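*Asks:* Protein chains in written order, with the working numbering: chain B, -10 to 362; chain X, 33 to 404.
The set of hints was computed from the structure by calculation and includes no laboratory data.
On a predicted model such as this, the values are computed, not experimentally measured, just so you know.
Don't take every hint at face value.
[Stated by the list, open to error] Distance condition first, Cα-Cα at most 25 Å in a straight line; then the derived DMTMM-like pairs of lysine to aspartate or glutamate: (1) B:K34 to B:D81; (2) B:K34 to X:E195; (3) X:K123 to B:D301; (4) X:K52 to B:E193.
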Amino acid sequence: MKALPFLLRKEFKQIFRDLNMLRMIIVIPIVQLVILPLAADYEIKNISLAIVDSDHSEYSRKLIEKVTASGYFIIPAAEESYTQAFEYIENDKADLILEIPANFERDLVKEQKETLFLALNAINGVKANVGGSYLGQIIADFNQEVRQDLIPATKIPQLPQIEITTMNRFNPNMNYNFFMVPGILVFLVTMIGTYISSLNIVKEKEVGTIEQINVTPIKKSEFILGKLIPFWIIGVVIFSIGLLLIARLVYGVVPVGNIGILYAYLFIYLIVILGIGLLISTYSNTQQQAMSLAFFFVMIFLLMSGLFTSIDAMPTWAKVIAYLNPVTYFIEVMRLVVMKGSGFADLKLHFIVMTVFALVINTWAIMNYRKTS
Amino acid sequence: MNQFLTFVRKEFFHVFRDKKSLLMLFGVPIAQILLFGFALTNEIKNSSIAIFDFSNDEISRQLVQKVSESSYFDVTSLTISSKTPEMDIEKVFQKQAAKIAIVIPRNFGQELMHQNKGQVQLIADASDPNTANTLVLYASNIIMDYQKELTGVSQFPYQITTEMRMLYNPELKGATNFVPGVMALVLSLICVLMTSVSIVREKENGTMEILLVSPFNPLMVVISKAVPYFLLSLVNLTMILILSVFLLDMPMNGSIFLLYFESTLLILTALAMGLLISNVTGSQQLAMMISLMGMLLPTLLFAGFMFPLENMPQPLQIFSNIVPAKWYYIIVKNIMIKGLGISAIWKETLILAGMAVFFMTLSIKKFNVRLS
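This is chain B alone, in the form it adopts within the complex:
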């Protein structure tokens, strides 16, 4: 291990010499962490509802008033016909159409029942579902009022009513940033770690300098450690800037739990990520290949990590992939510790799994590295 300090000095010199690259490595994740969580807001709000009132009665006006007052909906226009309202859907200016049929009030009073029509743009199924549910609740309330209006008070039987109270734990203000910032930070660290580690060793291969190093008395293990330790440090630095500065100052995200746990987990996690980079580099001969492989895996890591979509809703085979994905675990740990203050006892399994990942991937990478060179 005598050569290691010298190798480290060489690597750091190389990193600091290429200032353009260093700037990219530091600046890109930080800028993205500042901006992107603002864009990743999946709260279903701003549902646009076009209303077709063919009745123009007191009741239809009351209903429209109630819908407007609920605050859930943006109402671009009240149209005269369904065809006109449908144009709003086609132009993405409306998500839902509520159609109040002609003679709504008369039929309701005379025939004691009436139907409303609701058309939803279901391309985004979730928005349609949630919008429909909100509207359903409003209509049910309205129905209740109509009954009270039409049936004499003495005739309304007292009915059992279930009162629902709701409590939101951990994030009572429902701030979506608290949920996204830790996750996006994990992903940015992952992306940087995988790319720079997979590209760097391949670059020595492509340029041919690896052969020169192979003929020196430097041991393989020293060479690999010399490559990976600087990236490990870069990873820790980026994570720290993100967690301690950006998340705190820009988004007010202050971990509820122990930061020590997060760092302990990060240390193991970075070994896994750099190991993946090393593994990719042992399978590639050119930077373009390494990048292609890295992109392929990073993409799958991103999509299958539960960062943007829920893992619960996946089919079983996809859940298996999701839980073979190291990113999934770190994102969970981040969210658990940052928001809920989970302790080491709650996260034991997460630590065990990540350690196993670290051992398996690095052993594989080192074995494969020996074989190829």
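Got chain B sorted already, so can you dock chain X onto it with the hints?
*Replies:* Just chain X now, with coordinates in the frame of chain B:
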């Protein structure tokens, strides 16, 4: 012209020789279509729910039954141990054993039937606010439905019913929303990446100098590098369309020619951006950093298929306008799903065409015959 074709052939050889890079060219789109088609959904279902039933009478058991029958929830089996459900729930959430809890207090059934008033508490793990909101909505609906059933309120006079119609996507499939997004993502990222890297590679290896001193027009050298990726992108597009129509049952309601035309615009824009990046960078690593790290998440987020654009703060909404994928995503949705023609999307088409022209002009302007 002959010379140009020779160069294009050379570039094709380069591309096809490198099997691992081909994995990305074709593997990424296939993997994405399959994942988005079958694995990923914005929907919230099978969420674990913890039920603390302190009443344990006939009515509360019926209510629990209703909740467990719903496909939105998976009931986590829990033992009610302590008299302090708040503490228990805290622990449950910290271990991620449940996303929401229902607490039914003692004597719930009795109070409901005799005093006409019963209370149910929903406690949601709001660390994910969107899921929490949706789950509370779903759970409340189930409870309300149960109440209606219990009281027979729907038999009452003056009942307003609602007839719902799901337009375009009656089965509420996630793929309908995602596939146009994946097309936008794949076509815009891969082109930029491959073009930028393959040109910078020649610079880095020193072979660019040789090409530049050849009698061949230097601009043609660069354009011939873009041609294979242009054609491969069209192949990719075809593959994505075949997979999504035949495997994911995506509709193809509009004109397929129009779709190819619009895709060509996006691909040209992406290629021009790739050329631009290759002109301003000197190393493959830097080119990749910009085109991968710099563009992956912004394209994913600002295309508008993962997160609704209208939720974003105003400055970001304005920024999203310069992301070509956003316009392409709107176009694809309108053509494939809504079956609209050019009259509905001429504005988006013009913007996309404008971007293609802009980036091409810029990258040609920035093109250096000499390497510094």
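*Asks:* Hints first: check each against the structure and report whether it holds.
*Replies:* To see whether the hints hold, each was checked on the structure:
no., hint, verdict
1, B:K34 to B:D81, "holds, 15 Å"
2, B:K34 to X:E195, "holds, 23 Å"
3, X:K123 to B:D301, "holds, 20 Å"
4, X:K52 to B:E193, "holds, 18 Å"
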